[in-house]
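A.B. asks: From first to last, the protein sequence lines stand for chains X and D. As numbered in numbering that gives the first Met the number 0, residues 0 to 276 make up the first sequence, in order. As numbered in numbering that gives the first Met the number 0, residues 0 to 276 make up the second sequence, in order.
Some clues are possibly wrong.
Same chains, same names: a pair is fine if it fits in one copy or spans any two.
Pairs of lysine-lysine residues, derived as DSS-like cross-links and limited to a Cα-Cα distance of at most 30 Å, are as follows [unchecked claim]:
no.: 1; residue 1: Lys-3; residue 2: Lys-247
no.: 2; residue 1: Lys-124; residue 2: Lys-247
no.: 3; residue 1: Lys-70; residue 2: Lys-265
no.: 4; residue 1: Lys-124; residue 2: Lys-56
no.: 5; residue 1: Lys-70; residue 2: Lys-226
no.: 6; residue 1: Lys-185; residue 2: Lys-70
no.: 7; residue 1: Lys-70; residue 2: Lys-124
no.: 8; residue 1: Lys-142; residue 2: Lys-56
no.: 9; residue 1: Lys-56; residue 2: Lys-82
no.: 10; residue 1: Lys-142; residue 2: Lys-247
no.: 11; residue 1: Lys-265; residue 2: Lys-56
no.: 12; residue 1: Lys-142; residue 2: Lys-82
no.: 13; residue 1: Lys-185; residue 2: Lys-35
no.: 14; residue 1: Lys-185; residue 2: Lys-56
no.: 15; residue 1: Lys-82; residue 2: Lys-226
no.: 16; residue 1: Lys-252; residue 2: Lys-35
no.: 17; residue 1: Lys-259; residue 2: Lys-56
Since the hints were made in silico from the structure, they are not lab data. None of the values given here were measured: they were computed from a predicted structure.
There are 2 protein chains.
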Amino acid sequence: MAIKSLINGMSSEAISLFDRGLQYGDGLFETIAVEKESLLCWDEHIERLQSGCRRLKLQIPNQDTLAEEAKRLTNSVERGIIKIIITRGQGGRGYALPVNIDSTRIISLYPWPEYSFGNPSDGIKVHVCNYRYAHNSILAGIKHLNRLEQVLARSEWADSSIAEGVVLDHEENVIEGTMSNVFYIKDEVLNTPELSDCGVEGIIRQKVITLAAELNLEICINKVSLKSLMNADEVFMCNSIIGVWPIKIIDEKPFKVGNKTIQIKKALQKQNCIATL
Amino acid sequence: MAIKSLINGMSSEAISLFDRGLQYGDGLFETIAVEKESLLCWDEHIERLQSGCRRLKLQIPNQDTLAEEAKRLTNSVERGIIKIIITRGQGGRGYALPVNIDSTRIISLYPWPEYSFGNPSDGIKVHVCNYRYAHNSILAGIKHLNRLEQVLARSEWADSSIAEGVVLDHEENVIEGTMSNVFYIKDEVLNTPELSDCGVEGIIRQKVITLAAELNLEICINKVSLKSLMNADEVFMCNSIIGVWPIKIIDEKPFKVGNKTIQIKKALQKQNCIATL
């Protein structure tokens, strides 16, 4: 549970039953790493949040207000997570967008997660999910509140040594993890799935793509088969909280924690994109 | 807004921020018509709710408790709506299913809706949505809380003379409305889209299908093209609250309010499946 939460600027942990976030999953969210009071990639998160609001026709929250409220929560925080949820607000029964509705702004500070599977820097164990993501080009890329697909994919394993799952779409393309994006390196080329049909356009995913040029890695954003992933030289998963997690096992297949993955992780840390602690 | 709500049996209108219903849309719902204190098609709603819980791996609420709480709210209610929401419950940050979590049970009484477009019995005006439903066979049929697709489809019109929208899937098959199922009659055959890839398996839809035999109508549940719908003799939409709404206009095309539609509506009323007031 969160350490502290602000709902529309007021300290609270309760929300109206009639908020459309609960009734319909009508909203979106951002999850941001906090290190030494600093909110990592804040501008990029706010930009994605605003773009998501535009796509879902949500009222865009004032960004200065968001920044001020996030700062209130992260004051003297060494390490933590800020989760921002924006919902369409409180509305009547029915899907129709209420007129003049104010979006609901929820900002919560969570403790930094503790992992049960050892030090992720040594490489993580990954399960290939049976669940298949649906194609939905209108919602693809948005970090919206309709997350039943992720919940169902994540429900496939209880083995605490498994850190993450790889999820394919119904055409058998690798898309991403349940909570992270996936990259692999093969013959000096950095590959990641294209996400026009489903998936979340991760902030760290974009940072890694931008970084490729600086590291003299060719980047390929395309459809990815499970076979290509399994034949990779190096594989890693990334998001704003985990940073970069090298993969050491996918189902039974072992991978080495490669130099390029380590290089990418260090470069992201140097640019203050991911946590260093 | 609701007249009265019970959360896990306690009168309340506030829910924890950490409920997975809000965080992930991790739950489902039922919407039930109330007439003269009676909850129409109660058994069928509870059966679908339980089946949805099993499919989403949610803890199934005790049905006697649900019945007792619904009765508390509908005591001396002439006409209204009971909405039941079941969420996975309060859980930590992350998609993983918490161990030993208790599902959250929300039951609300809403007033009977007033419509802006005149008497629906005279036939309604319907918009063909540009939004296309995504295929997701795992979630298809379930009345789950991930309703952004319906919100976006419904957001396409603000004209209060339009009562409902018809939504197709990305393969251009007619699926249903934004909040109702759709049927059409052509040459004595009653047709409705099959819903294995998307859509909600409505309680009234099932009642209409069962009724067809009694009314000597051949029933055809199959893929439906917009062209077939537009060439129908009669078209209607149905759900637990609206009952049966004959369609008089789809986009510009006029339809007559046909005898078979009226016959079906009367038969459903006689069987106490839909409201008569």
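A.B. asks: If a hint holds in the structure, say so; if it doesn't, say that too.
C.D. replies: Hints and how they fare:
1. Lys-3 to Lys-247: This pair counts as neither: shortest intra-copy Cα distance 36 Å, inter-copy 53 Å.
2. Lys-124 to Lys-247: within (6 Å within a copy, 58 Å between copies)
3. Lys-70 to Lys-265: within (26 Å within a copy, 61 Å between copies)
4. Lys-124 to Lys-56: between (39 Å within a copy, 24 Å between copies)
5. Lys-70 to Lys-226: The answer is neither: 45 Å in one copy and 56 Å across copies each exceed 30 Å.
6. Lys-185 to Lys-70: neither (41 Å within a copy, 63 Å between copies)
7. Lys-70 to Lys-124: Close neither inside one copy (35 Å) nor across copies (50 Å); limit 30 Å.
8. Lys-142 to Lys-56: both (14 Å within a copy, 23 Å between copies)
9. Lys-56 to Lys-82: Answer is both; intra-copy 21 Å and inter-copy 26 Å each pass.
10. Lys-142 to Lys-247: Answer is within: at 28 Å inside a copy they meet the 30 Å cutoff, but 39 Å across does not.
11. Lys-265 to Lys-56: For Lys-265 and Lys-56, the Cα distance exceeds 30 Å both inside one copy (38 Å) and across copies (40 Å).
12. Lys-142 to Lys-82: both (12 Å within a copy, 27 Å between copies)
13. Lys-185 to Lys-35: neither (36 Å within a copy, 69 Å between copies)
14. Lys-185 to Lys-56: neither (40 Å within a copy, 38 Å between copies)
15. Lys-82 to Lys-226: Classified as neither; 35 Å inside a copy, 46 Å across copies.
16. Lys-252 to Lys-35: Classified as neither: same-chain Cα gap 38 Å, cross-chain 63 Å, threshold 30 Å.
17. Lys-259 to Lys-56: Neither, since 40 Å and 40 Å both go past 30 Å.
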